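Q: Chain by chain, the residues:
Number of protein chains: 2
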Amino acid sequence: MAGRPRIYNDENIIDKAIEVFRGKCFDAASTDELLAAMGIGKGSFYLNFKGGKEELYQRSLKRFAENLNRKMEAEMERSGDAMGYIKNLFLKMANIPSAQKDRGCYYGDALVQLSAKDKANKELAVYLLKDLHRIFTSAVKSGQEQGKVAKDKDPETLGWYLINFWNGIHITKRMEKSPEILKSIIEGNFKLLE
Amino acid sequence: MAGRPRIYNDENIIDKAIEVFRGKCFDAASTDELLAAMGIGKGSFYLNFKGGKEELYQRSLKRFAENLNRKMEAEMERSGDAMGYIKNLFLKMANIPSAQKDRGCYYGDALVQLSAKDKANKELAVYLLKDLHRIFTSAVKSGQEQGKVAKDKDPETLGWYLINFWNGIHITKRMEKSPEILKSIIEGNFKLLE
DNA sequence: TTAATATTGTACTAAATGGTACAATATTGA
DNA sequence: TCAATATTGTACCATTTAGTACAATATTAA
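Protein chains in written order, with numbering that gives the first Met the number 0: chain H, 0 to 193; chain G, 0 to 193.
Don't read these hints as lab results, they were simulated from the structure.
Treat the numbers as computed from the prediction; the structure is a model and nothing was measured.
Please note: incorrect hints may appear among the correct ones.
As the list claims (entries may be wrong) - Pulled a few chain H residues facing chain G out of the computed Cβ check, cut under 8 Å:
1. G22
2. D108
3. Q112
4. S114
5. T156
6. Y160
7. N163
Backbone N, C-alpha and C define an ideal beta-carbon position, used for all residues, glycine too.
Construct all of the structure, not just a fragment, from the sequences and the given hints.
A: Set out below in structure tokens:
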């Protein structure tokens with residue numbers, strides 16, 4: 000259990016890598032650039048990430064899910080109004096600064112950016128998006144129990160509407176940044192749940 | 000007007016390039032690979048595409064628009080039922096083969112795949128997506144005239160719902176390929192126009 | 001036939017790429 | 001104090017990259 004101490008923390012450097020990956024696609028993000036952002040050298044990197052860039056990306060997807068998916072579940076639970084929390088999550092997208100609107104959903108981006116050879120990571124992104132669908136579906140169910148969502152509709156299907164809307168708005172906000180237009184799209188789509 | 004005759008046709012080779020670009024992102028598609036698919040050598044390429052890969056991509060976006068946007072307008076006109084044509088366009092996506100479901104909208108993909116440095120091409124993709132919004136909006140208007148779309152709703156706003164739905168379904172079909180689920184998402188979302 | 005010219009194919013280059021090898025270093029426990 | 005060991009930083013490597021230079025080639029018009 001001896002040895003030279005690490006100068007870094009796994010979670011911290013993966014967060015830095017996510018920042019880089021969100022600015023350009025997997026192939027365009029060079030290891031040199033990633034390592035510079037992470038603040039570690041190649042020696043440390045290839046020791047900890049035996050699979051190189053691909054493993055880093057995989058772990059960044061998992062790390063992202065801990066922050067997004069798990070946090071969403073926790074907040075839904077905590078607030079006691081899961082659907083209200085979800086709707087607010089969407090509405091907030093209308094008002095973020097323009098630069099942030101150029102960023103998409105980390106999972107959806109992975110599906111678009113990864114080439115066919117990165118099969119494993121693509122499947123992981125699909126898995127995490129389906130987990131998001133599950134979370135949306137559970138929010139719909141609790142919304143139905145609270146009388147906030149139409150009870151005669153299949154929650155699973157409404158969950159699909161929501162994940163599809165999630166996928167769409169993350170592209171649309173990159174082409175149209177007007178808060179008013181984005182807000183009208185969001186409000187309009189939530190009518191599907193009524 | 001003399002000189003060695005070209006062995007290729009601009010439109011043909013750009014179509015081949017589009018095939019390559021749709022399989023991987025801009026940065027990951029190498030010129031060698033592109034030229035092999037296009038069937039021309041570097042000499043011919045850099046003579047015709049002075050701007051290199053970036054110009055090729057730009058012209059491929061424009062070429063794609065001629066085939067998609069212009070064709071959509073023509074079909075809407077020809078069919079005499081613009082909204083029916085648009086809805087059918089979406090419904091067809093539910094039943095295409097799985098491999099095709101892994102491909103997205105060429106413009107939306109551009110927004111996700113291009114890095115910040117390709118500003119010009121990103122703006123072109125935005126322009127073409129906005130042209131699609133205009134087309135959707137005009138379909139809504141003609142649907143309203145024909146009593147197929149609710150008349151009390153702003154066509155521009157419904158156009159936004161449609162372009163956002165377009166953006167979304169092109170991501171969603173990459174994560175969920177079931178024709179039934181995709182069909183239910185499409186049918187459900189078109190309720191927003193009623 | 002031939003001058004003018006547009007296109008082609010290939011050899012080449014400089015830079016960047018992902019990854020490896022390994023000596024130097026900083027710690028722990030005996 | 002020192003052996004054992006985990007981490008670090010750097011020099012290095014083979015490959016791939018986008019793009020250039022230019023001689024060879026195939027055509028048209030005089």
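Q: Could you run down the list of hints and mark each one as holding or not?
A: Status of the hints after comparison with the structure:
Nearest Cβ of chain G to the Cβ of H/G22: about 7 Å, under the 8 Å cut. The hint holds. Taken as an interface hint, H/D108 checks out: its beta carbon lies about 5 Å from the nearest beta carbon of chain G, inside 8 Å. Checking H/Q112 against chain G by beta carbon gives a least distance of about 5 Å; that is within 8 Å, so the hint holds. Because the closest C-beta pair between H/S114 and chain G is about 4 Å apart, less than 8 Å, the hint holds.
Taking 8 Å as the C-beta cut-off, the interface hint given for H/T156 holds, the closest approach to chain G being about 6 Å. At its closest, the beta carbon of H/Y160 sits 6 Å from a beta carbon of chain G; the interface hint therefore holds under the 8 Å criterion. At a threshold of 8 Å, the smallest CB-CB gap from H/N163 to chain G is about 4 Å, leaving the interface hint in force.
This entry satisfies every hint, going by the numbered hints stated previously.
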